[in-house]
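Chains as they are written, first to last, in our numbering: chain A, 1 to 202; chain B, 1 to 202; chain C, 1 to 202; chain D, 1 to 202; chain E, 1 to 202; chain F, 1 to 202.
The hints are simulated quantities; they were obtained by calculation from the structure and are not laboratory data. Some hints could be false.
No copy is singled out in the list; a pair is fine if it fits within one copy or between any two copies.
As the list claims (entries may be wrong) - Here are the computed lysine to any residue pairs in the SDA-like style, where the Cα-Cα straight-line distance is at most 25 Å:
| hint | residue 1 | residue 2 |
| --- | --- | --- |
| 1 | K108 | R70 |
| 2 | K138 | S149 |
| 3 | K138 | R121 |
| 4 | K76 | L25 |
| 5 | K76 | Q11 |
There are 6 protein chains.
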Amino acid sequence: MSPTAPAIAAQPPISRYPVPTLESLPDDLRERILAVQAKAGFVPNVFLALAHRPDECRAFFDYHDALMLRPSGLSKGEKEMIVVATSGANRCLYCVVAHGAILRIYEKSPLLADAVAINHRKAALTPRQHAMLDFALKVCGDSAAVDESDLDSLRRHGFSDEDIWDIGAIAAFFALSNRMANLTSMRPNDEFYLMGRVPKAK
Amino acid sequence: MSPTAPAIAAQPPISRYPVPTLESLPDDLRERILAVQAKAGFVPNVFLALAHRPDECRAFFDYHDALMLRPSGLSKGEKEMIVVATSGANRCLYCVVAHGAILRIYEKSPLLADAVAINHRKAALTPRQHAMLDFALKVCGDSAAVDESDLDSLRRHGFSDEDIWDIGAIAAFFALSNRMANLTSMRPNDEFYLMGRVPKAK
Amino acid sequence: MSPTAPAIAAQPPISRYPVPTLESLPDDLRERILAVQAKAGFVPNVFLALAHRPDECRAFFDYHDALMLRPSGLSKGEKEMIVVATSGANRCLYCVVAHGAILRIYEKSPLLADAVAINHRKAALTPRQHAMLDFALKVCGDSAAVDESDLDSLRRHGFSDEDIWDIGAIAAFFALSNRMANLTSMRPNDEFYLMGRVPKAK
Amino acid sequence: MSPTAPAIAAQPPISRYPVPTLESLPDDLRERILAVQAKAGFVPNVFLALAHRPDECRAFFDYHDALMLRPSGLSKGEKEMIVVATSGANRCLYCVVAHGAILRIYEKSPLLADAVAINHRKAALTPRQHAMLDFALKVCGDSAAVDESDLDSLRRHGFSDEDIWDIGAIAAFFALSNRMANLTSMRPNDEFYLMGRVPKAK
Amino acid sequence: MSPTAPAIAAQPPISRYPVPTLESLPDDLRERILAVQAKAGFVPNVFLALAHRPDECRAFFDYHDALMLRPSGLSKGEKEMIVVATSGANRCLYCVVAHGAILRIYEKSPLLADAVAINHRKAALTPRQHAMLDFALKVCGDSAAVDESDLDSLRRHGFSDEDIWDIGAIAAFFALSNRMANLTSMRPNDEFYLMGRVPKAK
Amino acid sequence: MSPTAPAIAAQPPISRYPVPTLESLPDDLRERILAVQAKAGFVPNVFLALAHRPDECRAFFDYHDALMLRPSGLSKGEKEMIVVATSGANRCLYCVVAHGAILRIYEKSPLLADAVAINHRKAALTPRQHAMLDFALKVCGDSAAVDESDLDSLRRHGFSDEDIWDIGAIAAFFALSNRMANLTSMRPNDEFYLMGRVPKAK
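Next up, chain A with everything else stripped away, as it sits in the complex (with noise of 0.2 Å):
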C-alpha cells in the first residue's frame, strides 16, 4: 500500500474469545473437525471459535447435523437458502459468508447467494421457495406471531409438517448460530467469499 494510500485496518482475528489449537481439543472434537478439514480443504473458523467450550461446541455441532442432515423434503440447497437468508436479516457476517459459499456450490448458482441475503424477493427462486423463506423469515423476526394460517399456507405450497419442521427450525438453529457469531465477533475464513462464484474448468 502506498504511503498516501487511506489507512485500513488490519484483519481482526477469528474470534473476540481465546481460540484452541487442535492439540488441545477432545479427542472426538478434534476428529471431527479434521474430518472436516479432510472434506473442506480448510478448517472453518466457526469450529474453531466455538470449540474454546468443548461440551457446548460438541452440542452445537450435534444439533447442526441431526437438522441439516436428515432426510428432508427440502433439498440441501433450500436448507441452506433458509440460513442465508435468515442470516442476512440478522445481518450476520460469518454465515452469509460461509453459508453463502455452501449455497452456491449445491445449487451451482454463483449469483443466488447474495440475493438471498440482501433480498430474498429478487431471487430467482420458485414460489414455493419464496414462501418458504418467507416463513423462515418470521420464525426469525417475530415468530410469536407464527399460527396456524402461516401453515396452512405452506402445505398449500406441498410442504408436509415435517418439512415446516424443518424450516421453522432451521431458522430457530440459527438464530442461535447468528447470535453467537455476533458475540463472539467471528471472522468467516477468506476461502469461503470465492467459493462456487468461479466455474470450474473442465
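With chain A held as given, fit chains B, C, D, E and F onto it using these hints.
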C-alpha cells in the same frame, strides 16, 4: 361453567406436532426424561414436544446442560433471569412460565419473575444484574450491534469474559428455544404457574 | 438468605412520587378508597400513587368506572383481557399483575392471564375474543392505521359498534394508565400475584 | 371544480359514531360545552364526538382540565408543545390541528406548531424545552424504558419533580386522547386550521 | 414579549451550511432562481441552500422538473400529495411546509395538506388516491418489499405502469430531498405557512 | 441440471419496465453510456433501466457524477463504503452488488465489501471510517434525528463540514437510487459479482 358464561375455548394440546409416548423413545432419552420427572414430579412439556425428533432433542438438552449447569460467575438464579427476560422479549409463553417458576425457586422470591418477564427495569435487582440483562436483551434483539464497548461496560460491573460468554450464549440458546416453542405452539405444564409463588409451610 | 447468596436489591417504594396517607385525602377520595379496601381486602397501590394529585385521581377513576362498569356486549372478563393484553404490549408491570389477577378471578381461570399478557395468540380464547384482542392491540400500538375495514372485521364477529367503542376505549384508557404507572414506577401490591391462581377449598 | 378535475371525496363526518345534539345532553355537559363555545366562538368537535357517551366525556374533560389548567412550572404554551409533539408522533390529525392552533395562540408564534408536530428538533425552542419534548416523546413511545436517569436529566434543566409529572402525564393523557380521536375518526373543525396563523390587524 | 414570558429561541438560519448570494451563482442557476422568484414572489429556501454546491443543485432541479413537470396520468395535485405524505413519514419540515402550500393551491383545498402530512387515511381522498399514497409510503419506508402484487393492486385502480413509475419515483426523489433538507437543517420560508390557507377575496 | 434437481426459476429481466436499445436513445445519453462501456467492458444495467426515461436518467447521472467525482476529503473508496453500507440497510441488491464490486477494486480488498454491506461493524475499517458509516446510516434510516451533535462527532474525527455534506449527500442520493432499483426490480449485471474478488495474475 354455567350455560350463560362466556365461552372459553378448550386447552390446546401441548404441541402442534405429534407427541411421543415415553415408551416409544430411545432408551437414553427416556431415562433422561424419567430422571427429570423424578426430580420435578412431572415431565415438563418441552421434553415431550421436542422428543418428536430424538436427535435434535438430545442435542438441545446437551447444549442446555452444557451451558446452564457449568460452573460460572453467574448464579443459577441469574442464569434464569436471562432466560426469563429474553423469553419475555420474544413473547414465548412456554419459557416465561416454565423458567419463571425456576427463577422464583432459585431466588426464593415469589414476585421476581413477573417483573423480569414484563419489564426488567422494574425488578428489584442489583445494578450488576440490570447490566447483565441489558446485554442479554441486546444479544436477543440486535446482536449485530454488539461491540467491544458493550463488553467493557460489563467488565466494569465485574463480569469476566467467560461470564460474558455465559450471558450472551444463554440469550442465544433461548433465541433458539423460544422459536421452537413458538413454532410448535408448546403449552406450559399447569404445574409451573404456581411453583415458587406460595411460601412453604414449615 | 445465606451470606454468600447473590445480593437482591430491596423492594422499591410503591411510587417514585410522594404517597399520601388516607387521612390527608379529600373526603370523597378517601371514602372511595375505603370502599375498594372493604371489597378487596387491601388498597391497590394505583389509588395511593395517583392520589398524590387528587383532581387527576378522581377523574382517572371516574373515567375507569364509566368505561369498565357500564353495561356492554363484552363480559367483565373480556374487558380485563383487553387490559391485560395491551398492558403486556406496553410492558406495564403494575397493570399486567393487578388486572391479570382480576382476569383470573372473573374467568375463574388460573392460567389464562399469563398467556394473554405474554402472547395472546397462545391463550385458550374463542375466535371472537382473538379478534377483539387483535383490534385492541392495533389501537394500542398503531391507532393511526385503524380504518373502516377493522370495524367491519369486528362486526363480522358479532360486535356492535358500541362494543367496538368499548374495545378501543379500554385500549385507549390503559394507554394512559400504563404510561402513568411507568412514569411513577408504580409497584403492584404483593397480594395481586397470587389472586385467582389457587382454587378455593370448598 | 371543472368536470375533468380529479375527484376529491367529500368531507367526512366529524365522528364515525353518532353525534348528539346539544339539546340531548345532560345539563352539566351542555353548559360546559356552551361555555367553551362562548369563549372560542365555536364548539370543538372533540366535545361533540366524545359526548356520545356523557359519563366518559365528563371524566375526560375533568382529567384534561385538572392537568392542563393547574398551576405548573410549565407555561401554558409549553404544555401545548407536549400535546402537539406527542400527537404528531401518534399521527393524530385532530389533536395536531386543534392543539397546534392553541399553541400558536399561546406562544404568539404563527410558525411554531408545524415544526413541533413534524420534527420538534427543527423548532425554535430552548434547550430546556427540547429536553421536555424528548422526555414527553419517550413517555409517548416507550414508557417502559423510562428510568431515574431520564428524571435526572430533566432536573438538570431545572424541572421540579412536579413539572416532570406534568410532562409525563400530559403525554399519557394524550396517548388516550389521540387513540380516541383515531378510533372515532374525529375531524378537526375547519376553524382551527387558520387560528393563530394570521397576525391580528391593530 | 414580557420579561417573564418563557424564552423562545431565535429563528435558525435557512441552512446549516453557507448560503450563497444570487450574484455569486453561475448564470444559469441565477436565472433559474430568478424565474422562480418572478413566479412565486420569493425565492424558496431550498434553492439557496442547495446552491451551496451548484453542480449538485442543477442536477437536483433537473431531476425534479423532469419528474414533476412531465405529462402524467397523475394530476399536479396528486403528485404533491405524494410529496407531502412521504415527507410527513420522513419528518421533513421543509418539504411538508413548502409542498403542503403547493398542494393546497393546486387542489384549491385549504385543509387537505395537513391531513395528508399527518395521517393520509384521514384525508378526504378517493380510493384511487389512497392506493396511490399507500404505495408511495411503501416505496418510502420499505422499498425492498415492493413486489408485483403491489403493482397489480395499483393497476386495478386504473394506474398505468408509467403512472406507477411516477408514484414510485416521486417517493424516491423526495427520499433524497427530505434527507438533504434534514442534513442541512433547511428552514421553510415563512411565506409557505399561510399560502393556500386563506380563500382569495373576489 | 438433472431432472430431479429442485427447479430454480429463470433469471428475471434487468428491469420490470421496458429497456431501450442504445440506438433508440438521445445522442448524449448513448455517448455517455458507450463511454462507460468502453471503460468497464460492459454496460451496467442501471444505465439501461433508467434510460427508459431519458430526462430523469440524465439528471440522475449528472447528480451522481457531481457528487461522486468531485474532489473531497473522502477517498473514492470511502465514498463507495457509504454506498454499500446504506444500500445494505435498504436491502438494495443492485447497489450492493454493483458498488460492492467498485469498492473491492478501489480498496484493492477482495473481502471488504461483504462486511460493509452485511454489518459494517465487522469490517476492517479505521475508527474514522466507522464514524463516517454510522453517520451515513443515520441519514439513511432516520435523517430527522440528525442534529448538531452528530456533526460535532464527525468533526472530532477530522471531517470538514464539506466532507460531512459528502457523507450525508451520498447517503441521500442512494436513498433515491436504492428506491429506483427496488421499484424497477433492477438486476445486477453478472459481471459485478466476481469483480475485484480474484487477485490479478502478474
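From the Cα coordinates, with 25 Å as the cut-off, is the pair K138 and S149 best called within, between, both, or neither? both (13 Å within a copy, 19 Å between copies)
At most 25 Å between alpha carbons: which applies to K138 and R121, within, between, both or neither? both (14 Å within a copy, 15 Å between copies)
Intra- versus inter-subunit Cα pairing at 25 Å for K76 with L25: For K76 and L25, the Cα distance exceeds 25 Å both inside one copy (30 Å) and across copies (27 Å).
Within a copy, between copies, both or neither: which one fits K76 and Q11 at a CA-CA cutoff of 25 Å? between (32 Å within a copy, 21 Å between copies)
Is it within, between, both, or neither for K108 and R70, if the alpha carbons may be no more than 25 Å apart? within (21 Å within a copy, 42 Å between copies)
Hint violations for this structure: number 4 only, all remaining hints satisfied.
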